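Asks: Taking the hints into account, I'd like the entire structure generated from these sequences.
Chains A and B are the protein sequences, given in the same order. Number 339 in this note's numbering belongs to position 126 of the first sequence; there are no gaps in the numbering. Number 427 in this note's numbering belongs to position 214 of the second sequence; there are no gaps in the numbering.
Simulated from the structure, these hints should not be mistaken for lab results. Check each hint, because a few of them may be wrong.
Which copy is meant is left open, because identical chains are indistinguishable; a pair holds if it fits in one copy or across any two.
As the list claims (entries may be wrong) - Below, simulated DSBU-like cross-link-like pairs (lysine-lysine); rule was C-alpha separation at most 30 Å, straight line: (1) K440 <-> K338; (2) K309 <-> K296; (3) K338 <-> K423.
Please read these numbers as outputs of a predicted model, since none were measured by experiment.
Number of protein chains: 2
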Amino acid sequence: MKNLLLIGGNGALGKAVVNAFKATGAWRISNIDVTHNDDVDENYLIDGNSSIGPQVRTLREEHLETYDSIICTAGGWAGGSIKDEEGLESFDIMHKVCTMSALMTGHIASHHLAPSGLLVFTGAKVAFTEPAPGMIGYHVAKTATHAIAQNMATLDDLHDDNVVLTILPETLDTPGNREAMPDADYSTWADCDQVASLLKMWANEENVPKNGSFVALEVSEGSVCTKFL
Amino acid sequence: MKNLLLIGGNGALGKAVVNAFKATGAWRISNIDVTHNDDVDENYLIDGNSSIGPQVRTLREEHLETYDSIICTAGGWAGGSIKDEEGLESFDIMHKVCTMSALMTGHIASHHLAPSGLLVFTGAKVAFTEPAPGMIGYHVAKTATHAIAQNMATLDDLHDDNVVLTILPETLDTPGNREAMPDADYSTWADCDQVASLLKMWANEENVPKNGSFVALEVSEGSVCTKFL
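Replies: Okay, here's the thing in structure tokens:
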């Protein structure tokens, strides 16, 4: 059995990853999240409103092992301008769910990722390619996530043969996004199961992009295809 | 008299800016910082350990006016790897002193910057040009600062004729940096008074770079020169 550590494994993308990896019968899955995913082998709950450092130290000392793949699917989205009265608070939420999740993932990977293992962050294409003042908290938090990934890809704090990838979705087809955008054309959104299939392929050391790749996920002909930025 | 709002006006660069602008006799200076600067006209103290949102709302309602220039010189530096036991805590400090200062600056500017006024952020050349896993908290926080500046430069939340600039120092010649790096060659460091002279020139609408410029500050022949990245 190989070991997968998911961060955010009870979100929409996280659940799809659990299903895809479980179906192989070859992966044991641990999940760090704020809520349980009943389909994984181990859940480690954290409190998003308390300081992350001490919680991660306890997890590392008492539970965490060595993982063949570590994948962060935690995240969230919020719109809003820097001018909004509650803009600073909204930014704090994006900082916690996106940036701090990625930072925690990087920290754990620096201690618990196996040699030749895969580390994946979830970024955002928009933050990679253009400003987005109408969703500034999300844009800044995902830009910070990309910086964390870029620093991890130097491999100074990992094994030399680790591979660090960052997926850059536009819109993922999740229940939350459908609820938020009921009139959108869902056919242009990336299906979570299809994204999970790509992640599973890479975790199985097949068709793996080079370390440090930023992988835009584009939808074409009903399939999610990768474009390297 | 013209109005200048400084964020971080009691730091080394902030003090140099106060001296440069005060010497003209043409500027009234307000300072938002965690400590007083006795040479400015108004100090507004904030508590860096409490939530910023409510403090900024109170400041805006009770004190803030319209400013011809708003300059953020707040910031700090910390080394450290993502692997460090205290790495997540160290990141939190950089997030507060760098990113949250920049975000607060942008939010205030969106409400209080005069038409044709100047908005300046303090970034970092290293975060603009290359990974820096040995100072990851600083790198990520300054990358987030750059994203805030980039979003503000769209002018969606400012007046159309505002100018947003981001200075990108390598090492500023400050007492703190001299203490931290006693064996360095100080002649390669940017003198804060010289940097303040550039900021004063731009605030006086002279030789102003285009909106959205990222301005690397390089030292040559005893002078700080600008290079646009």
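Asks: Determine for every hint whether it applies to the structure shown.
Replies: Taking the hints in turn, this is what the structure says about them:
1. K440 <-> K338: both (11 Å within a copy, 28 Å between copies)
2. K309 <-> K296: Both: 20 Å inside a chain and 19 Å across chains, each within 30 Å.
3. K338 <-> K423: Classified as both: same-chain Cα gap 18 Å, cross-chain 26 Å, threshold 30 Å.
Every hint from the earlier list agrees with this structure, and none is contradicted.
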